[in-house]
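Student: Protein chains in written order, with the working numbering: chain A, 3 to 395; chain B, 3 to 395.
A portion of the hints provided could be inaccurate.
Note: identical chains are not told apart, hence a pair may lie in one copy or across any two.
[Said to hold, decoys possible] Subject to a maximum C-alpha distance of 25 Å in a straight line, what follows is the list of computed SDA-like cross-link-like pairs (lysine to any residue):
{"#": "1", "residue 1": "Lys294", "residue 2": "Gly102"}
{"#": "2", "residue 1": "Lys345", "residue 2": "Ala313"}
{"#": "3", "residue 1": "Lys345", "residue 2": "Gly297"}
{"#": "4", "residue 1": "Lys294", "residue 2": "His227"}
{"#": "5", "residue 1": "Lys294", "residue 2": "Glu308"}
{"#": "6", "residue 1": "Lys294", "residue 2": "Leu233"}
{"#": "7", "residue 1": "Lys294", "residue 2": "Asp309"}
{"#": "8", "residue 1": "Lys345", "residue 2": "Ala279"}
{"#": "9", "residue 1": "Lys294", "residue 2": "Ala313"}
{"#": "10", "residue 1": "Lys345", "residue 2": "Pro12"}
{"#": "11", "residue 1": "Lys294", "residue 2": "Arg182"}
{"#": "12", "residue 1": "Lys294", "residue 2": "Ala279"}
{"#": "13", "residue 1": "Lys294", "residue 2": "Ser237"}
{"#": "14", "residue 1": "Lys345", "residue 2": "Gly91"}
{"#": "15", "residue 1": "Lys345", "residue 2": "Cys186"}
{"#": "16", "residue 1": "Lys345", "residue 2": "Gly79"}
{"#": "17", "residue 1": "Lys345", "residue 2": "Phe246"}
{"#": "18", "residue 1": "Lys345", "residue 2": "Asp232"}
{"#": "19", "residue 1": "Lys294", "residue 2": "Gly224"}
{"#": "20", "residue 1": "Lys345", "residue 2": "Val289"}
{"#": "21", "residue 1": "Lys345", "residue 2": "Ala286"}
{"#": "22", "residue 1": "Lys345", "residue 2": "Ala84"}
{"#": "23", "residue 1": "Lys294", "residue 2": "Lys345"}
{"#": "24", "residue 1": "Lys345", "residue 2": "Pro290"}
{"#": "25", "residue 1": "Lys294", "residue 2": "Arg122"}
{"#": "26", "residue 1": "Lys294", "residue 2": "Thr322"}
{"#": "27", "residue 1": "Lys294", "residue 2": "Trp338"}
The hints are simulated quantities; they were obtained by calculation from the structure and are not laboratory data.
Just so we're clear, the structure is a prediction, and the values are computed from it rather than from any experiment.
Protein chains: 2
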Amino acid sequence: MPPAEPPNPPGQVWAHTGQPFTHREFDTLVLGAGRMGASCALYLRQFAPTLSLLLVEEGGLPNEDGATLLAPGVWSGLGVPAERQREAGWTRAQLETAFGDISFQTRPLVDLHAAPGANRVPSRDLDLDAALVDPALVDTDALAWASVGTLAATYRPGALALNAAQAAIRAGAHLMLNTRAQLCGDGSVTLERLTVTNTHQIVVHETHRVRARTIVVALGAGGPHAIDHDLGVHSAHARAYRQFPRLNTSSTDASPLLRAHGLTLRPQNGGYTVVPAIHHRDPAGYVPVGGKLTGVPTGLRRETLEDLVAAMDALPALGTDALETGRSLSDVPGAWFALPHGKPDGLPLHEQVAPGVHLLLGGPHADTLGVSTAFDLAARIAGVEGRPWEELE
Amino acid sequence: MPPAEPPNPPGQVWAHTGQPFTHREFDTLVLGAGRMGASCALYLRQFAPTLSLLLVEEGGLPNEDGATLLAPGVWSGLGVPAERQREAGWTRAQLETAFGDISFQTRPLVDLHAAPGANRVPSRDLDLDAALVDPALVDTDALAWASVGTLAATYRPGALALNAAQAAIRAGAHLMLNTRAQLCGDGSVTLERLTVTNTHQIVVHETHRVRARTIVVALGAGGPHAIDHDLGVHSAHARAYRQFPRLNTSSTDASPLLRAHGLTLRPQNGGYTVVPAIHHRDPAGYVPVGGKLTGVPTGLRRETLEDLVAAMDALPALGTDALETGRSLSDVPGAWFALPHGKPDGLPLHEQVAPGVHLLLGGPHADTLGVSTAFDLAARIAGVEGRPWEELE
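From just these sequences and the hints, can you work out the full model?
Tutor: Below, the structure is given as C-alpha cells:
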C-alpha cells in the first residue's frame, strides 16, 4: 500500500567526519544498523513516512564487529514455539522476496540422531535416495536416524542489513556511520563521530547532542548494557560469545544443512561453517580466550572445543585437519550475541525500557524471527494495528 | 573393626620448608587436603593401614582459597536422586558422629514457593505454629506455600577437613603443607615446597619428585585442569565461581534453613549466609569481577546480583542494608567450585583418569554426598567390597 503523499527524497548519509552535521532533532533515532535496526528503520519509513529518522551505526555497513555479519543465516522452524510459527513463516517470505539479493536459498535441514523417534527415518536411506547425507561428514552408524525439514533456508544476514539500510535511505531515512551513540536519559542522545588517526587509533572527532521523541536501541549484544549503563535500567538480558569455525569439506548449492550433537553445519562458500550451540550466557566481564587441545593452543574457546570433541565420533570430519581451529582467538571468526532474558534460546523481542525508548533484541533466533520483531516494533511506534502474519493460515 | 596389627604411629607433618623431606616413594599420594582429600586419606588409613600415604596441600589446613572453607555446609536430601538417597543418609550419620565437633546441627529446611504443590502447606501457618518463617525475612504473601524438610542439617566443612586430616595423621598418614603438586604422567609427582619472601611473594623453595602406585587428585575445582594440563586427559568437568554474601538479619541455633528463588539462607554466626544457585559453568579464562547495581560498583558478580534482585520482593531483607554486597570482589567471600560433568547439579564422583590416577570431585552436592564418595574411592583403592549404605533401609 503506497503512501498517499509524494515519495520522500532519499535520506542523507554521513559516512565520515568531513561532512558537517548540524541537526539537533529527529522524530526517531534508531541506534545500530545491524539487521534488527536496519529493518526496523525501513519499516518505520514505510509506516510513518512523515517522521524524520536517523539511523546511527558505530562502524560501517554492516559493522565488522557485529553479530549480524557472522550470524549463521539459517531460517528454520525448529525451536520456534507454536504461537510464533506463523510469524516465522511470514519472515521467511520476506527474506525470500523483500530485501533484494541476500543469497536466499531453500535447503533441506537434516536433523541427525542416534536413536529413532517421531518423523525419523534411517539416515542411511537418505544417503542412498537423495544424497542428503555426505558419508565423508556423517557416520551413519552413530547417527542412524534423521528427520528432514524441507522448508529450511540459508541467507546472508549481512546482506540483509545492508539492503534494508539502503532501502531505508531511499525511503528517506538518514544514516550516520562511524558514530557511537550514548543515551542521556532525557530523550536525547550523544553522538560521538569517530575517526582514525595516523597511528590507527579510533578517536572521537566531535560530539553532538540530538533529541528524539522515540529512540530504538538496536545495539545487539551491547543493547542491554547500554540501557543499564546509560539509563540505569536493570535487565536480565545477557550475552554469549560464539565462534564459527570453518570446515573445509566440500559443499554445493544443493548441500543440505546438517544438525547433530547440537551443532549445525551450514554449507557456505564451497565448504561448511560450523555453528555451535549456545549453552548459556557468558558472565559479565568475560574476555574470550583461546583454548587448548591436549596442550596445543587453539583459537577456539575451550567450551566450543569440548562440544566439537564430543561430536567427533559422529561427525568424523571434525577430527581432521579440515576443521580450522586456529592458533589464537583472532584466527576463528566470533562475535557477541544477545541472549534475550539471559536464555540460550531466547526469542527476539522488543520492550519499552523508558518513556520513548525501546530495546530491540535479536539473539539466537534472529535468523528466523528477527525481521518480524523489527516489523512489530516499527508498527507499534507508528500506531499501526494488526500484523500480516495474523492473517496467515 | 580394628586392624589386627598394632596401631600405626602417627604420621609426620611437614608444615614449612625448614623441615627436611627425603622421601622418594609412597604407596599412595592424595593431592589436596580439602574435605574430599582429607576424608579419603582417613578412610584409606582405615582400610589399608599398611600402605604408606602422603597427603599434600598447597595451602594451610584448611586452605583459605579452597572451596571447602566457604562451602555452605548444608546437608539436605533435596536434589539427591533416589538411587543415592541411602548414601546421603549414611553420610549424614557420619557427619553427625564420625568427625568430632564440626558444629553439626539438625535444622528444618523450609522450601518456599509462590504456588501450592505436593507436600506444601501455607507458609503463614508455619510462622504462627512453629516460628519457622521469620516475617522480617520472608514475604509470606509472595511465598505463600512451603514444604518443610525436618532432616536437614548444617555443619562446618572446614572443620570436617581439619578433623579428618588430623585423624588421618593420628592413623599414620603423612601431611605436607604449603606444597604444590604437579602430576608428571609417569606415576610420579613433582612437589614444590612454597615459602613466602620478605616482600610477601610466594615462591618455590625446593622441589622433590616422589613416586606412588596410586595418586588421588582431590584438588577441587583445580582437579580437572590438573589432569588436562599435566596428563593431557580431556574431561568435560568444569567449574563455577560462587560468592556467599552475608545477610545481617538475626538468626539463632534454632533458625531454620530457608530456600526460595534458588537461594538458600543458611543461619550462621547470628546472621545468615546467602548461598546463591549455580546456574552453569563459568567459561575457561573467566576472571571474576564485581558487578554494578544501577551504576554503583559492588563486590558481587553481576549474575549473582541479578538473582538477588529477582528475589528481593519475596525476601525483602535482600533489598536492605542488611545485605553486604561490598564494593569490590575481595569484600564478598567467594571460591571456585568444581562442576562434575560440567553440570550445575553434578554429583560428587571419582573416576580413574590414567593408570593409578583417580580424580575425586566434590562440587555443588559435596555437603551431602562428598564423604561417601571419598569413602567409596578409598574402599575401591583398598579392594574392599560392599558399601555400608547398601545395608541401610
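Student: Determine for every hint whether it applies to the structure shown.
Tutor: Do the hints match the structure? See the list:
1. Lys294 x Gly102: Neither. Shortest intra-copy (42 Å) and inter-copy (44 Å) distances fail the 25 Å Cα cut-off.
2. Lys345 x Ala313: Answer is both; intra-copy 23 Å and inter-copy 18 Å each pass.
3. Lys345 x Gly297: Between copies, since 24 Å is at most 25 Å while 32 Å is not.
4. Lys294 x His227: between (30 Å within a copy, 11 Å between copies)
5. Lys294 x Glu308: within (10 Å within a copy, 32 Å between copies)
6. Lys294 x Leu233: between (40 Å within a copy, 13 Å between copies)
7. Lys294 x Asp309: within (13 Å within a copy, 32 Å between copies)
8. Lys345 x Ala279: both (12 Å within a copy, 16 Å between copies)
9. Lys294 x Ala313: within (17 Å within a copy, 38 Å between copies)
10. Lys345 x Pro12: neither (39 Å within a copy, 54 Å between copies)
11. Lys294 x Arg182: Close across copies (22 Å), not inside one copy (36 Å); limit 25 Å.
12. Lys294 x Ala279: within (19 Å within a copy, 29 Å between copies)
13. Lys294 x Ser237: between (34 Å within a copy, 12 Å between copies)
14. Lys345 x Gly91: within (23 Å within a copy, 36 Å between copies)
15. Lys345 x Cys186: This pair counts as neither: shortest intra-copy Cα distance 28 Å, inter-copy 41 Å.
16. Lys345 x Gly79: within (18 Å within a copy, 28 Å between copies)
17. Lys345 x Phe246: both (20 Å within a copy, 24 Å between copies)
18. Lys345 x Asp232: Classified as within; 23 Å inside a copy, 35 Å across copies.
19. Lys294 x Gly224: Classified as between: cross-chain Cα gap 16 Å, same-chain 28 Å, threshold 25 Å.
20. Lys345 x Val289: both (20 Å within a copy, 22 Å between copies)
21. Lys345 x Ala286: both (15 Å within a copy, 20 Å between copies)
22. Lys345 x Ala84: within (18 Å within a copy, 29 Å between copies)
23. Lys294 x Lys345: between (27 Å within a copy, 21 Å between copies)
24. Lys345 x Pro290: Answer is both: 19 Å inside a copy and 21 Å across each meet the 25 Å cutoff.
25. Lys294 x Arg122: neither (37 Å within a copy, 48 Å between copies)
26. Lys294 x Thr322: Answer is within: at 16 Å inside a copy they meet the 25 Å cutoff, but 44 Å across does not.
27. Lys294 x Trp338: For Lys294 and Trp338, both the intra-copy (21 Å) and inter-copy (20 Å) Cα distances are at most 25 Å.
In this structure, the earlier hints numbered 1, 10, 15, 25 are contradicted, and the remaining ones agree with it.
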